[in-house]
Each structure stands twice: as C-alpha cells, then as structure tokens.
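Please arrange chain L with the ligands on chain V, whose structure you already have, making use of the hints.
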Amino acid sequence: MSEQDQILNEVTTSEYKYGFYTDVESDKVPPGLNEDVIRLISAKKNEPEWMTEWRLDAYKIWQSMAEPEWANVTYTKPDFQAISYYSAPKKKQVNSLDEVDPELLKTFEKLGISLDEQKRLSGVAMDVVVDSVSVATTFKKTLAEKGIIFCSMSEAIQNHPELVKKYLGTVVPKTDNFYAALNSAVFTDGSFCYIPKGVRCPMELSTYFRINESGTGQFERTLVVADASSYVSYLEGCTAPQRDENQLHAAVVELIAMDDAEIKYSTVQNWFPGDAEGKGGVFNFVTKRGICERNAKISWTQVETGSAVTWKYPSCILKGDNSVGEFYSVAVTNNYQQADTGTKMIHLGKNTKSTIVSKGISAGHSHNSYRGLVRMGPRAVNARNFSQCDSLLMGDRCGAHTFPYIEVKHPSARMEHEATTSKIGEDQIFYCQQRGLGMEEAIALIVNGYCKDVLNQLPMEFAVEAQKLLAISLEGSVG
Amino acid sequence: MIEIVNLHASVDGQAILKGINLTMGAGEVHAMMGPNGSGKSTLSNVIAGREDYEITKGDILFNGESILELAPEERAHLGLFLSFQYPVEIPGVSVSNFIKTALNEMRKARGEEPLDASSMLKKMREKMDLLEMDKGFLSRSLNEGFSGGEKKRNEIFQMAMLEPKLAILDETDSGLDIDALRIVANGVNALRSSENAFMVITHYQRLLDYIVPDYVHVLLNGKIVKSGDKSLALELEERGYDWIKKEQA
Ligand SMILES: Nc1ncnc2c1ncn2[C@@H]1O[C@H](COP(=O)(O)OP(=O)(O)O)[C@@H](O)[C@H]1O
Ligand SMILES: [Mg+2]
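Protein chains in written order, with this note's numbering: chain V, 1 to 479; chain L, 1 to 249.
Here chain V stands alone, though its shape is the one from the complex (with noise of 0.2 Å):
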C-alpha cells in the first residue's frame, strides 16, 4: 500500500531523474564504420571465424539498405561515421563485485539497480550491460543447476557457439531493415538465455541495459530460447545518462518459443527523452520479433516513456497451430519526444490468437503513433485477434495517430478492433483535486489508472518502476 505515496512521493522534480554521467575508462574504438573496424570489434571479442563472416555478410547487406521513412517520426538521420562502434569499460572479466569499478557501482546505486543480497532475496538475477560489455552476472549458479544459460550475448558466443549458431538471425533475419542489418554487423553484447526442455525459469531474468559512453552508438543483440514446454519471465529496463548529442540505438531482440512453452517479454523503457525544448535525447530503433511453434505463447509487454524518436514493433509469429501472440503496451511522448510503436501479429498456424492493447499517451508537442498489422495467412484456420487502442491526450499541441492494418486471407478468421481518443479530463482532475490531490498527483493517479490493463501485465516490482516512471514522464505536462 505504502508503495502507492512513494510513487507519490517521488513526483516531486521535472528533471530527468537518470541524467548523470559516470567516469569510467573506456577502451574505445575511433569513430566509423567499415570492414576494418568490424574485423576489430570481433577480434577484441575474441570471436570465432564464423561470428566475423556473418557480422561481415551483415555489413554488406546494411549497405545495400535505405533507412526506413515509412514511420511517422521527423529526426536528423544519425551519421553512421560519426558514431563509436565498441565501447568497453577497461575493467572486466569480474569475479566478483568487489572487483567492479566503484563508479560503475555508484552508477547502478542511482539506478536502484542492486547487485547485492537484497536483490538475491527477491529472485532477481542481471546481466547487467554497460556499455556494450557485460561487468557482472549473477546467479548464474543457481540457475545452472536447471541447465538454463543466462549470459552475456559475448560469452554465449565463446561457450555455447553452437546454440548461438543455430538460432541467432532465424527470427530477425540481417536482411530484416536497416537498423536490423545494422544491429547485426556491429552488436556487441547483450543477453542470452536458453531454457531447457521442460524447465521453468524460477526467477524473473532481468537485464538492465545502459547507454553510458558519449557518441557510443548501442546495438544489443538479444537471443532468448525456451525449449519445449518450458516458460521464463524476462525483463528488461534501461535508462541512459543525459547527453546533448542524439544517441542510437538499435537493438535486436530474437525469442523462440517452441512448443507448448511461453516467454513473457516484459520491457520498461527511460531512456533520455531530450529536454523540454527537444534538444537531444535518444533514437530508438529497435526490432523485436518472437516465433512460436504448436501451443507456445509469447507476450511482450511494454511501458516506453523514453527516448526522442521511438521506432519499434514488438511482433509474433504464430507459426504453430494454437500458439498465442499477446501485446501490451504503454507509451508515452512529452515534450517534443516521437513515438511511432505497435505490434505485427502474424497468424500462419490454426487456432491461433492474439491480443493488442495498446494505451498511448501524448502532452506537450510530441507526437505519438500506434502502427499495428494483424495478417492471418491462408493456413490460419479459425484465428482470432483482439485490438484495443487507446489514444489520451494532455492538452490540445499533441497528436495521437492510429495505423491499424488487416490482412485476412482466410474467411474463418476473426477480429474484433476497438479504439478510443480521450483527453484527460478538467474534470478528472478538479475531482481528484478536491480530493486532496495536487496536479501531478491526480494527473499520476488518472494516468496509471487508464494504463492498468498493460501494468498489470507487469511482475509486482516492474510495475512499481513503470508507474513511477509514467508520473515522472508527464511532470509539467498540464496547467
């Protein structure tokens, strides 16, 4: 109950909460992008002759690439010789927290993130990414003992190449977009994760990412694979430091889920928005994709409050019969920020479903889309989908925009799409006012009351975290 007045609490100051910068050395490759720098980025990391060649196949196909303008967002295109590919904190291999950098520790203090006991007590392991390279992995031990593999993108890559080799790029192909293409000639970490046959992940695995180097570009590479009939929780949260200059990043995240087992995908996303003006603030280019074979369920969920320009559209492929696609997604754009996010659910087997709901809030100018496709190809005997998009608007100089696209190639299937546009309410607000309540306090309540549907998707302690971070991000917004 008390979380509620700390969240409450905490609506207190408009500035970026996370926007400091830590002083850490960092090993750093001179800016530009060619053959020679990808053949570095692979040789620093020790990889197999495998790993340069398809990093290199990427480099070739990302050229022959345009960058996508279809999306209803207006930037400066990044120059990409502009931009540090690798990045690495000096110190690493750490055994042991003692042995990490204090700054770094006093970074994660401010985060909240804790590597420490108390995180252990609440079942939480990280694979904590700063700046590209992982400093620190716990409970790796514990989850050993159940044969899961939950590491470093990097050390996947060394110890376990053949898992790597045989799923990395089969749901997000390189030849996918251009930041995917991208994403794959130079990522340089991130998260892996497989669980075993029948396993049951019995932990929340948590990434937190960070975007800690000034110019350094960010492209993680994500790989989660549940084996049949298994299920894991995996979430993910980022925050980054705050910059003057755009940053990019362009993650790829892959999820296989093989029959009869379910990955809950679960993101909360801070990162630095530019400033009230629009002055700098992060691009985020993401593409994330799950399949899922007979009876496996993949459900994303988001809460995206960060980042200038937001381009991402978490998907599923419904490949086997009776597999289920889920898709809740909260995101907000203050200020001058841009969001252009929604799903792609494709139905290929029968009997398959899938739900959107999709809650966008927009204030000040920004601008904010929903792109959404559900396709239920010729095979898709008896599919099923369910939309609902919601639209809030604070104030009259926002937009909200709503791009629902159907295709439906077989006449058994169903959808039912609904959508709404409110403004938050004088109403509401002098309600909750009389009530007590100040402005942000009653905006903050109103807020993550039209958004419990996707919180409530969230595990207990994200939730808290994505609540705070909804009130945070609309501090200012109204009156």
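Hints listed in this document are in silico derivations from the structure and should not be mistaken for laboratory results.
A quick note: this is a predicted structure, and the numbers were derived from the prediction, not measured.
Backbone N, C-alpha and C fix where the C-beta goes; we use that ideal spot for every residue, glycine too.
Watch out, some of these pointers could steer you wrong.
As the list claims (entries may be wrong) - A few chain V residues facing chain L, derived, Cβ under 8 Å:
| # | residue |
| --- | --- |
| 1 | His-410 |
| 2 | Thr-421 |
| 3 | Gly-425 |
| 4 | Asp-427 |
| 5 | Gly-449 |
Quick look at chain L with the ligands alone, frame taken from chain V:
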C-alpha cells in the same frame, strides 16, 4: 467557519453569482434551495476553487482567512469537502486506492505520517458499515458503471473517510431511493458535531426530514433572496418558488 461576502462570479463574462452573503458557524447545518439554474452548483464549485469561474467581486473567508488564492487541493487540506452533483468516473482507479491516496495526501498536508495499511482498511470497513455498503465496492473502478445512487453513496463514503470541517452536499439526495436516502442521512448525522458544518443543497424536504437544518436559504438568480429556519423548507415544499419570484419582481 465560513464567511461569504458579496460574492460575484461569472463564466465567460456572464455573471452567475450576483452578490452572495452567507455566514456559517461550526456545528451548523444550512440548507440551500432554489430552482434549477439559480447558481447552487456554481456556488459550491467556486467555494471549492474550480478554475472555470472568475470571481469579479467579494471574498470567501475560511476561519477568518481568504481562500480565494488557494488551489482546490489546498482548500481541501483546510477541511473543505464537496460532494459532487455529478461525480466523475476515473477508469482503472479503484475506490480503495483513490480514497487511500486522498486521505494520505490530507495527512501529508497536515504533517502526519501516512496511515498504515491495516488502520486504513479498518477505517474503510467502519465507514462502509456505517453506510451499509458492500465490501466489493472498494475494488471497483471509481464511479465507473456506478448507478446514480452508488455514486452518491460513494461521495458520502469519501466524506466519512476524510472527516471534513465544512462539507457541501450538492444534490446528494437526487437519484437516491428512500432507503439509500435514509442511509446517507444517517452517515451525515453520524459525522455532525459542534466542530463541523454542512451546506446541504437540495430540492426536497424529504432529505431535510432526516438532516434537520438550522437555516434554510433560497438562492434565486445568483442571490440569496430569502433565509429562514426549517419551516421555510416546508413552506417551499408546499408553495414552490413562484411566490418568492413574485416577491422579487
Ligand atoms: N461552466 C459553466 N459554463 C457556462 N455556464 C455555466 C457554467 N456553470 C454554470 N453555468 C450556468 O450558470 C447557471 C447556474 O448553474 P448552476 O450553478 O449549475 O445552477 P444550479 O446548480 O442551481 O442548478 C446556469 O444558467 C448554467 O447554465
Ligand atoms: Mg446544480
């Protein structure tokens, strides 16, 4: 407790309140009556601090201090409560979460610690029993899909939780059946003390049978045109407002 002095208020340049004078002391119950559109809700909104209205003249003093410059929540923190004629829906926010948040905000403003979960729940139960409310009520989304009567009862529930100094009940009786009316009135009476005051806006004598007023006022065209004791309400019930309108003309 509250002193309203020559209060003029307008919306979009149109005058609605045209010189209200009213003084209410602690322990008193005032009934405010008058035909539709005479300005009763406007008066309550203006006292509560709603922004849509422009105060063109006059003052509102609460315990001797002007509250015109205070935000609505600051007035609420002083102990002002408005039971809305049309309570709004807040989807996804449960009754319990809402009232908990409200009560703790009030406590914070008074420099008190938030109420711990078990005391909070105990208090909620107590007040719900008083108002003969169903337990399931607490987890419902605030006013969403509530019947008219449920909304009003929820307002009185919140009042009972917040224990205000001055409560304004804007047509709380409208939409209540006779049992609900009795229950709501009992709730109000249970709260009555020498420390607080009530302004009861109503069209009907039947509420005043239960909540017996010390004073009755008639608001007409933005002015209090007649005041009296409880017998005035009975007279209005019998004769309507026309005779007062004629007196004014
Ligand atoms: N926000 C508003 N905007 C425009 N007119 C208003 C507004 N509030 C009240 N009024 C007008 O003021 C008059 C008094 O309304 P109200 O105070 O609701 O009366 P009552 O509660 O006595 O029925 C009515 O003519 C109403 O239309
Ligand atoms: Mg009225």
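Consistency of the hints with the structure:
1. His-410: With a minimum Cβ separation of about 35 Å from chain L (threshold 8 Å), the hint on His-410/V is violated.
2. Thr-421: Violated. Min distance 14 Å.
3. Gly-425: holds, 7 Å
4. Asp-427: This hint holds: Asp-427/V lies near chain L, its Cβ roughly 5 Å from the closest one there, short of 8 Å.
5. Gly-449: At 3 Å from the nearest chain L Cβ, Gly-449/V passes the 8 Å test, so the hint holds.
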